[in-house]
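Participant: Sequence:
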Amino acid sequence: MNKININKLYFIYNPDLSFRNYINNLKSQVSTHYKVKMSITFIVASLFYFLYIK
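The numbering of the sequence shown is this note's numbering, which starts it at 10 and goes up by one.
Quick caveat, the hints were computed from the structure, so don't treat them as lab data.
Values in this document were obtained by computation on a predicted structure and should not be read as measured data.
Treat the hints with care, since some could be wrong.
Derived SDA-like pairs (lysine to any residue); straight-line CA-CA distance at most 20 angstroms [claimed, not checked]:
1. Lys46 to Ile62
2. Lys46 to Leu56
3. Lys36 to Met47
4. Lys44 to Ile32
5. Lys44 to Tyr61
6. Lys36 to Ile52
7. Lys44 to Ile62
8. Lys44 to Ala54
9. Lys44 to Leu56
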């Protein structure tokens, strides 16, 4: 509860900075999720590739 209130106050007093931080957090979350997804897909694809070649 306190954390939410502090974040709201921070957003009110410094909207530009907090908005930028929010966007950067979203970007980093999306990029890490995408990287993990891509690496899992790559591993599965290479496994199938080696299985079907042998």
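Participant: Which numbered hints turn out to be false for this structure?
Facilitator: The structure conflicts with hints 1, 5, 6 and 7, although it agrees with all the remaining ones.
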